[in-house]
Amino acid sequence: MGYDEDALLNGWTAMYTYDARIYVTLRPSVLDPAGTAVQSGLHHMGYTTVEQVRIGKYVELTVSATDEDTARQQVDRMCDQLLANPVIENYRFELTQREAIAAAV
Amino acid sequence: MNVGVIVFPGSNCDRDVAYVTRDQLQQPTRLIWHDDPDLGDVDLVVVPGGFSYGDYLRCGAIARFSPALKATVDHAKRGGLVLGVCNGFQILTEAGLLPGALVRNRDLHFICDRVPLRVERTDSLWTQHYDAGQVITLPIAHGEGCYYADADTLKAIEDRHQVIFRYCSATGEVNEASNPNGSLNNIAGLCNEAGNVLGMMPHPERATDTLLGNTDGLALFKSALTALVDAA
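Those protein sequences? They're chains A and B, same order as listed.
Residue numbers for the first sequence follow my numbering, so the first one is 31 and each next one is one higher.
Residue numbers for the second sequence follow my numbering, so the first one is 74 and each next one is one higher.
Pulled out of the complex, with its shape left as it was, chain A reads as follows (with noise of 0.2 Å):
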């Protein structure tokens, strides 16, 4: 991801916003007995064919950044310390860059 030439020959640093999804779901060796649950709901509604079911997050939020690989390095982050608890869960996400901004140095 450059920068905006326009915005570089001004003096001014480019931003741009992205949306990141965040999928955080509960390690494999850790017990959900809510997907548990859903599971035999779905069985008790004929869907017998349901092997398993787990139930994580998803989160969405917005993050403004000079290129992708900040926001990467800042959501990765966030998900290490807050949004995920790595001793239960793991988490990956995307990203999509949704317009420039110019906002001064």
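FYI, nobody ran anything at the bench for these hints, they're computed from the structure.
Since the model is a prediction, treat every value here as computed from it, not as a measurement.
No false leads were slipped in.
If you want the footprint, here are the derived chain B segments under chain A, 3+ residues with CB under 8 Å: (1) 124-134; (2) 176-187; (3) 221-227.
All C-beta atoms in this analysis are idealised placements derived from N, C-alpha and C, irrespective of residue type, glycine included.
Got chain A sorted already, so can you dock chain B onto it with the hints?
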């Protein structure tokens, strides 16, 4: 013994703890608001039960980043005594002061009950006023009290004898039938490697006054007091 009780938005056992340490044991006790980075001159920090910050995201996840809790981590690293009860236990695991995590109860229910516990150690500073192998009864009240740690961590905890309380039957047998929430190895309370930090799901502060019919929790606070007096 100077006692500091951290108060988060949503804490609801803070005054119960203060009643025990201030009114019953006659120790100077201060309630410390969560955004206060200065704990002052405290010997024992209690992180009480409740629903800190609404327990949003995960129990204890947001409380971990409060100024008072950061100061509590520093206090623990200097060897100071820290007791986390219920939500306080969850916060201490989130903060990394204790290993593992507390997850949803095995049967998904919020459990409000009185349960028997076996005192696993009486050589810890938290339990010196109990008898070896004693079975006590304490209240529990939680929805996320199922103790989890990965296999290696669990082995290390057991090898180092960090488990202080286990859920058991009325006669002291530790088995699946006497495990209310699915905790691994029936763990109800454990300390860190150094022994100065204790986390437990049961509520000792709710069992200290004869008026309530159960005083099994009082020896825990007396033990901490004795340890501090001996160290002074």
